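2 protein chains.
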Amino acid sequence: MVEIVVAEHAGFCFGVKRAINLAEEAARERKQKTIYSLGPLIHNPQEVNRLRQKGVNPVESEDGLESGGVVIIRSHGISPKRERELLSKGVSIVDATCPFVKAVHEAVIKLSQEGYFIVLVGEKNHPEVIGTLGYLEEAGGKGVVVENRDDLKAVLHRDRVGIVAQTTQNEQFFKEVVGEVALWAREVKIINTICNATSERQEDVYKIAPEVDLMVVIGGRNSGNTKRLYEIAKSLNPRSYHVETAEELKAEWFEGVKRVGLTAGASTPNWIIEQVIGRIRELTKL
Amino acid sequence: MVEIVVAEHAGFCFGVKRAINLAEEAARERKQKTIYSLGPLIHNPQEVNRLRQKGVNPVESEDGLESGGVVIIRSHGISPKRERELLSKGVSIVDATCPFVKAVHEAVIKLSQEGYFIVLVGEKNHPEVIGTLGYLEEAGGKGVVVENRDDLKAVLHRDRVGIVAQTTQNEQFFKEVVGEVALWAREVKIINTICNATSERQEDVYKIAPEVDLMVVIGGRNSGNTKRLYEIAKSLNPRSYHVETAEELKAEWFEGVKRVGLTAGASTPNWIIEQVIGRIRELTKL
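Line by line, the protein sequences give chains A and B. Per the numbering used here, the very first residue in the first sequence carries number 989; after that it's consecutive. Per the numbering used here, the very first residue in the second sequence carries number 989; after that it's consecutive.
Chain A with its partners taken away, still in its complex shape (with noise of 0.2 Å):
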C-alpha cells in the first residue's frame, strides 16, 4: 500500500474560510433578496458550483445586479472605486474581504502617505492586486506590479521603494526582489505582506516534495496559490502534477510509486483533498 503524505498545512485557508461561511449565512438568511458574489467567490470551480446551489450566484460585473440584492465582496477584496458603483447600484454588501488582504490597502496607503514608490509584488491580473492598486490610486500614490524580473526596470533609479507583496505570492521571488531593489534604491521600505497561510502551505511543499516519489498539489487551474505551489513542487521534484479533482487522477503515474506527496492551494475544499486521497488509494491498491 503506498503511503501519503499530507500537508500539515493544505486547503482552506483563514481568509477562504471566512469568506465561505459569510457567503452561507448570507444565503441562509436571504429571505427574498438575491445573493450575488462579485466574480467567483474563491477560485475553485467546483466549490463555487456547490455555493451556486445554496443560492450564492456569481456575476462577472456589476450590470448583472438588481437593486436591493445582496453581492458579498470575495477574499481577494476590491477597490474602493468599485465599492462605491457597487453601493450606487442600490445593492448592500457582505465585505469578505480577507484581513490578511486589508493589510496589503492599508500598507500600500501608508507606504504611499510616507512617499515612497510601491513595488507591489504579484501576479498584473489577480482580483487581489487590481483591488490593490485602486487603493494605491485612491492614496494618490505611484508605483508598479512585479511580476517577473523585466517589470524591475520600471523600479531602477527610483529613490525611495516601498515593498508590498500580493498575500499569496512566492516568497524565493519577493526576497529576490527586494534584495535587488535594496542594491539600486538609497531608502527601501518593506512591509511582508504575504500571509501566514501562505508560507505555511509553501514551507510544507519544501519539506515534502524532495522526499516523496511523486507530488500530487490540489486546486483551481485559476488559483494562483496553487499553481505557485506547483511550480514549486515541480522543481524539487519533475514527479508532480496538478489535478483540480479525483477525476484527474491517472493509474499510470503511480506506477512503482511508494510514497506520495499530497498540498492543495488555499481555495481548495476539504471535500476535494478527500475525494483524490480515496482515488488514490483505489488506483494503487493491489
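No lab work stands behind these hints: they were computed from the structure. Note that this is a predicted model, so its numbers are computed, not measured. Treat the hints with care, as some may be off.
Note that identical chains are pooled: a pair holds if it fits in a single copy or bridges any two copies.
What the hints assert, rightly or not - Lysine to aspartate or glutamate pairs mimicking EDC-like chemistry, simulated, CA-CA at most 20 Å apart:
id: 1; residue 1: K1195; residue 2: E1168
id: 2; residue 1: K1112; residue 2: E1125
id: 3; residue 1: K1141; residue 2: E1191
id: 4; residue 1: K1222; residue 2: E1159
id: 5; residue 1: K1163; residue 2: E1175
id: 6; residue 1: K1090; residue 2: E1175
id: 7; residue 1: K1098; residue 2: D1147
id: 8; residue 1: K1098; residue 2: E1175
id: 9; residue 1: K1112; residue 2: D1138
id: 10; residue 1: K1163; residue 2: D1138
id: 11; residue 1: K1112; residue 2: E1135
Position chain B relative to chain A; hints supplied.
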C-alpha cells in the same frame, strides 16, 4: 606581450583621497605640533610609511598623545564617546571621517529613533563598524552586526528591522541578508549605505575576472574591501592573486598568460598600482 586590463575603478576612493589630503595638509602646517593618526590612516602599510615620513604618526590608543597635538580621525570614523575622550586629552581634532561613513552613522541614528532593531551588515572588528556601533549606543538603539548567515539568528522574531551596511560591504551578501530578513520580519526599512566606490570596484571585478587568464588584486592584507574584491575575483577565476606590493608577484603565475586583469582596493595608492603594472611588464616580456 601580455595585455593588462586595468579596472575602470581601482585604487583610492573619494574618502581615502580626502583623508590623505587632510593629513598632508595638517603635516605641512604643523609648526611645533605633533600630528597623530588614531590607528593607521588607511589600511595600506606602504602608504602609511610614506605619510610617517611626512610627519603623520600613527598611534594605537589615546594613551600616547601629547596635549596640544593634532589628531587626525581617519576615514573609518570613531564613536562619539571616543571623540570626547580624545578632546579631554587636550588635543585638537582633524576629522577625516569619510562623508559616506557619516551617512551610516546618521542612518543608524534615524532608524533607531524610528524604533527599528538595527542590522549592520559588516565586519565585527572593523573600525568603521566599531565607530558606527558607538553611534547606535549613543542613540539608545538596539542592534547587531551581521557578518555571516549565522549572525542572523539574533534577528529572528524581530518585528521591525532597520538594515544598513558597512560602506565597503559585499553587495551580494547584503542582498541575501535583506532578502532573508524581509521574509521573517513584519516591517523592514533599508538604507543602503554601501558606497558607490565599493559597488563600482566590485562590478568591475564581476566584468573583468571571467574574461582574463589571470586576475591580480592589489591592496593591504588588512583592507576589508580589498579582501572582498579578491574573494569575488577568486570565485569567478581560480587564477586570482592578492598582493600588497609589486615584489610579491611571481614569474610562474604568468606562464601561458595572455590577458591579465588588474584592480586595487580603495586604500591602494596609485604609485603601488603603477609599480605592479611595471613589474608585470618585466616578468612577462620575452
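Cross-check of the supplied hints:
| no. | hint | verdict |
| --- | --- | --- |
| 1 | K1195 to E1168 | between (27 Å within a copy, 18 Å between copies) |
| 2 | K1112 to E1125 | within (15 Å within a copy, 44 Å between copies) |
| 3 | K1141 to E1191 | between (30 Å within a copy, 19 Å between copies) |
| 4 | K1222 to E1159 | within (16 Å within a copy, 31 Å between copies) |
| 5 | K1163 to E1175 | both (16 Å within a copy, 14 Å between copies) |
| 6 | K1090 to E1175 | between (25 Å within a copy, 16 Å between copies) |
| 7 | K1098 to D1147 | both (17 Å within a copy, 17 Å between copies) |
| 8 | K1098 to E1175 | both (16 Å within a copy, 12 Å between copies) |
| 9 | K1112 to D1138 | within (13 Å within a copy, 37 Å between copies) |
| 10 | K1163 to D1138 | both (16 Å within a copy, 18 Å between copies) |
| 11 | K1112 to E1135 | within (7 Å within a copy, 37 Å between copies) |
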